[in-house]
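Those sequence lines, one after another, are chains A and B.
The first sequence begins at 1 in UniProt numbering and counts up one residue at a time.
The second sequence begins at 1 in UniProt numbering and counts up one residue at a time.
Keep in mind the hints are simulated off the structure, nothing from the lab.
There may be inaccurate statements among the hints.
As the list claims (entries may be wrong) - Here are the computed lysine to aspartate or glutamate pairs in the DMTMM-like style, where the Cα-Cα straight-line distance is at most 25 Å:
| # | chain 1 | residue 1 | chain 2 | residue 2 |
| --- | --- | --- | --- | --- |
| 1 | A | Lys113 | B | Asp6 |
| 2 | A | Lys419 | A | Asp203 |
| 3 | A | Lys372 | B | Asp8 |
| 4 | A | Lys419 | A | Glu204 |
| 5 | A | Lys372 | A | Asp353 |
| 6 | A | Lys419 | A | Glu217 |
| 7 | A | Lys372 | A | Asp323 |
| 8 | A | Lys419 | A | Asp206 |
| 9 | A | Lys113 | B | Glu4 |
| 10 | A | Lys120 | B | Asp49 |
| 11 | A | Lys120 | A | Asp247 |
| 12 | A | Lys372 | B | Glu25 |
| 13 | A | Lys372 | B | Asp6 |
| 14 | A | Lys113 | B | Asp29 |
| 15 | A | Lys419 | A | Glu179 |
| 16 | A | Lys120 | B | Asp22 |
| 17 | A | Lys372 | B | Glu28 |
| 18 | A | Lys372 | B | Glu4 |
| 19 | A | Lys419 | A | Glu199 |
| 20 | A | Lys419 | A | Asp400 |
| 21 | A | Lys113 | A | Asp236 |
| 22 | A | Lys372 | B | Asp49 |
| 23 | A | Lys120 | B | Asp8 |
| 24 | A | Lys372 | A | Glu78 |
| 25 | A | Lys372 | B | Asp43 |
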Amino acid sequence: MTVEAVPSGPVDLDAVDLSDRDWWIGPPSVRYATFAALRRERPFAFFAEPEMPGIPVGPGYWAVTRYADLEAISSQPEVFCSGRGAVSIPDVPADLNEFYGSLISMDDPRHAKIRRIVSKAFTPRMLEQLVDGVRAVVDDVLTRARRTAEAQGGSIDVVTDVAAPIPLRVICDMMGVPEEDRAMVLARSNVILSGGDPELIEDENDPVTAFLLAGMELAGLMERLAAERLERPRSDLTTALVTTEVDGERLSNQEIASFFILLLVAGNETTRNAISQGVLALHEHPDQRARWAADPRLDRTAVEEVVRWTSPVTWMRRTATRDGEVNGHRFREGDKFLLLYAAANRDPAVFRDPEVLDLARDPNPHVGFGSKGPHFCLGAHLARRELAVTFRALLDQLPDLEVTGEPDRLRSSFVNGVKRLPARLGRGR
Amino acid sequence: MRVEADLDVCVGSGTCELLAPDVFEVGEDGVVRVLRPQPGQADEDAVRDAVAQCPTGALGLAD
Numbered sequence: 001m002t003v004e005a006v007p008s009g010p011v012d013l014d015a016v017d018l019s020d021r022d023w024w025i026g027p028p029s030v031r032y033a034t035f036a037a038l039r040r041e042r043p044f045a046f047f048a049e050p051e052m053p054g055i056p057v058g059p060g061y062w063a064v065t066r067y068a069d070l071e072a073i074s075s076q077p078e079v080f081c082s083g084r085g086a087v088s089i090p091d092v093p094a095d096l097n098e099f100y101g102s103l104i105s106m107d108d109p110r111h112a113k114i115r116r117i118v119s120k121a122f123t124p125r126m127l128e129q130l131v132d133g134v135r136a137v138v139d140d141v142l143t144r145a146r147r148t149a150e151a152q153g154g155s156i157d158v159v160t161d162v163a164a165p166i167p168l169r170v171i172c173d174m175m176g177v178p179e180e181d182r183a184m185v186l187a188r189s190n191v192i193l194s195g196g197d198p199e200l201i202e203d204e205n206d207p208v209t210a211f212l213l214a215g216m217e218l219a220g221l222m223e224r225l226a227a228e229r230l231e232r233p234r235s236d237l238t239t240a241l242v243t244t245e246v247d248g249e250r251l252s253n254q255e256i257a258s259f260f261i262l263l264l265v266a267g268n269e270t271t272r273n274a275i276s277q278g279v280l281a282l283h284e285h286p287d288q289r290a291r292w293a294a295d296p297r298l299d300r301t302a303v304e305e306v307v308r309w310t311s312p313v314t315w316m317r318r319t320a321t322r323d324g325e326v327n328g329h330r331f332r333e334g335d336k337f338l339l340l341y342a343a344a345n346r347d348p349a350v351f352r353d354p355e356v357l358d359l360a361r362d363p364n365p366h367v368g369f370g371s372k373g374p375h376f377c378l379g380a381h382l383a384r385r386e387l388a389v390t391f392r393a394l395l396d397q398l399p400d401l402e403v404t405g406e407p408d409r410l411r412s413s414f415v416n417g418v419k420r421l422p423a424r425l426g427r428g429r
Numbered sequence: 001m002r003v004e005a006d007l008d009v010c011v012g013s014g015t016c017e018l019l020a021p022d023v024f025e026v027g028e029d030g031v032v033r034v035l036r037p038q039p040g041q042a043d044e045d046a047v048r049d050a051v052a053q054c055p056t057g058a059l060g061l062a063d
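Working from the sequences, and respecting the hints, build out all of it.
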């Protein structure tokens, strides 16, 4: 068993480069020690932008690591906008915008209007009706994982056999994506959030083409489904996207395609990594795991703590729409800010003993679903529900699950991703 | 204590419903409904928490 070291000792901030993708596959203890040093010494640290072949390098960005600063920026969307790009440090080339220029990279009033179309489908009440569906998916996935383990001498991969299929099936059910298209959906959303990880895209030197092809293929699926739903509406999200009117207008094809892609990708990648990283966290904290296993009343707070601890989305970007000052930091129009949720989620000014995993932590005002402002995660309830059902089932049905090796981390700063996490079922107990 | 909600600002995040389910509910139209505008003492802490944590600042308290 490995225990994540509590950050201590000096960090040479001059040697730190958050734009170096390889830094993000390094040990989490180094990452969190660096965040702690940045919060203390350079709460607005300036970094040059990462180089991505085929995309012009921009002017650089401020990395925001303190909870209070992050909240101040996030809660002033008219000063710090999303419309110039929220999920990419460089400005997105125009030809990619067709697929990736969605809600998340949009400002009010358009953002608010479009968000309303689907927010109805994500209310706690609507999701209540989904719970049995989520439970059935989780039970089936865990039964299959057990079978896979039996066929493979006890070994499974937490990502492939547990974490990936659960959110994939739930979001595809909600969107009405047919069974036979789901493997493609998973593969393409992996490409879109690969951060250019060479394992996931064909040509490391040409990520733009990979992103473009992935977007085209998902948009092709959307066009097929949209035509079907216009003819025969169903009660799924895709029907809502193609039939709802905003101010008497239907969404444009570009808006529908990018929204469809956003829901599929966000619905998949975030929850998957929360599950994988959560399983790893419980492995590293066996006392907390035992505590949660013994007490289902912990489900509510434990899920929030897993999200705080894992921060599946590391950051979102904002861009200043004018010159100004925020918490003593002067900025210019066009300045980019990276809101590092993973750093704010361990800010000792807000969380007592932030480096301690405490599944009973309450209150827990983490920013794992985003901070103040209109872009707060649309799928927060869905994620909470999926995580609560998944971890309860894991603890009850796979109590013999043991992580047996190191996680293979995704080379991306944006998603706190795990590609593989080897584990064992059924032996040594 | 009296709870007020600004429905133009609410995005239906449901944070309030999670923290104080007896007082708030996100309705079918995707925005908050205040079930008990004058919550009892037992709910006061949860309501204050919900008001503070609302991501869009759609909730307010009046005496």
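Right, here's what the structure says about each hint:
1. Distance hint between A:Lys113 and B:Asp6 is fulfilled; the C-alpha atoms sit about 16 Å from each other, no more than 25 Å.
2. Between the alpha carbons of A:Lys419 and A:Asp203 the distance comes to roughly 18 Å, so the proposed pair stays at or under 25 Å and holds.
3. At most 25 Å may separate the alpha-carbon atoms for a hinted pair to count; A:Lys372 and B:Asp8 meet this at roughly 16 Å.
4. For the suggested pair A:Lys419 and A:Glu204, the alpha carbons sit about 17 Å apart, so the restraint of at most 25 Å is met.
5. For the hint linking A:Lys372 to A:Asp353, the alpha-carbon distance of about 23 Å falls within 25 Å, and the restraint holds.
6. Among the hinted pairs, A:Lys419 with A:Glu217 is consistent with the structure: their alpha-carbon atoms are about 22 Å apart, no more than 25 Å.
7. Only pairs whose Cα atoms come within 25 Å are accepted, and A:Lys372 paired with A:Asp323 is accepted, the gap being roughly 21 Å.
8. With a CA separation close to 21 Å, the supplied pair A:Lys419 and A:Asp206 stays within the 25 Å bound.
9. Between A:Lys113 and B:Glu4 the alpha-carbon distance is near 22 Å, which keeps this suggested pair within the 25 Å criterion.
10. With a CA separation close to 24 Å, the supplied pair A:Lys120 and B:Asp49 stays within the 25 Å bound.
11. Between A:Lys120 and A:Asp247 the alpha-carbon distance is near 17 Å, which keeps this suggested pair within the 25 Å criterion.
12. Restraint check: the Cα-Cα separation between A:Lys372 and B:Glu25 comes to about 19 Å, which is no more than 25 Å; the hinted pair holds.
13. Proximity of A:Lys372 to B:Asp6 is assessed by CA-CA distance (about 15 Å); at most 25 Å being required, the pair is judged to hold.
14. For the proposed pair A:Lys113 and B:Asp29, the alpha carbon gap of about 13 Å is at most 25 Å, so the pair holds.
15. Distance restraint check for A:Lys419 and A:Glu179: the Cα-Cα separation of roughly 23 Å lies within the 25 Å cut-off, and the hinted pair is therefore satisfied.
16. Between A:Lys120 and B:Asp22 the alpha-carbon distance is near 20 Å, which keeps this suggested pair within the 25 Å criterion.
17. Restraint check for A:Lys372 and B:Glu28: satisfied, since their Cα atoms lie roughly 23 Å apart, inside the 25 Å limit.
18. Between A:Lys372 and B:Glu4, the direct Cα distance comes to roughly 18 Å. Compliance with the 25 Å bound is thereby established for this hinted pair.
19. At most 25 Å may separate the alpha-carbon atoms for a hinted pair to count; A:Lys419 and A:Glu199 meet this at roughly 10 Å.
20. Between A:Lys419 and A:Asp400, the direct Cα distance comes to roughly 22 Å. Compliance with the 25 Å bound is thereby established for this hinted pair.
21. In summary, the hint linking A:Lys113 to A:Asp236 is supported, as the alpha carbons are separated by about 19 Å, within the 25 Å threshold.
22. Of the pairs offered as hints, the one joining A:Lys372 and B:Asp49 holds, with about 14 Å between alpha carbons and a cut-off of 25 Å not exceeded.
23. Under the criterion of a C-alpha separation no larger than 25 Å, the hint pairing A:Lys120 with B:Asp8 is consistent with the structure, at around 15 Å.
24. For a cut-off of 25 Å, the pair hint linking A:Lys372 to A:Glu78 stands: about 13 Å separates their Cα positions.
25. Between A:Lys372 and B:Asp43, the direct Cα distance comes to roughly 23 Å. Compliance with the 25 Å bound is thereby established for this hinted pair.
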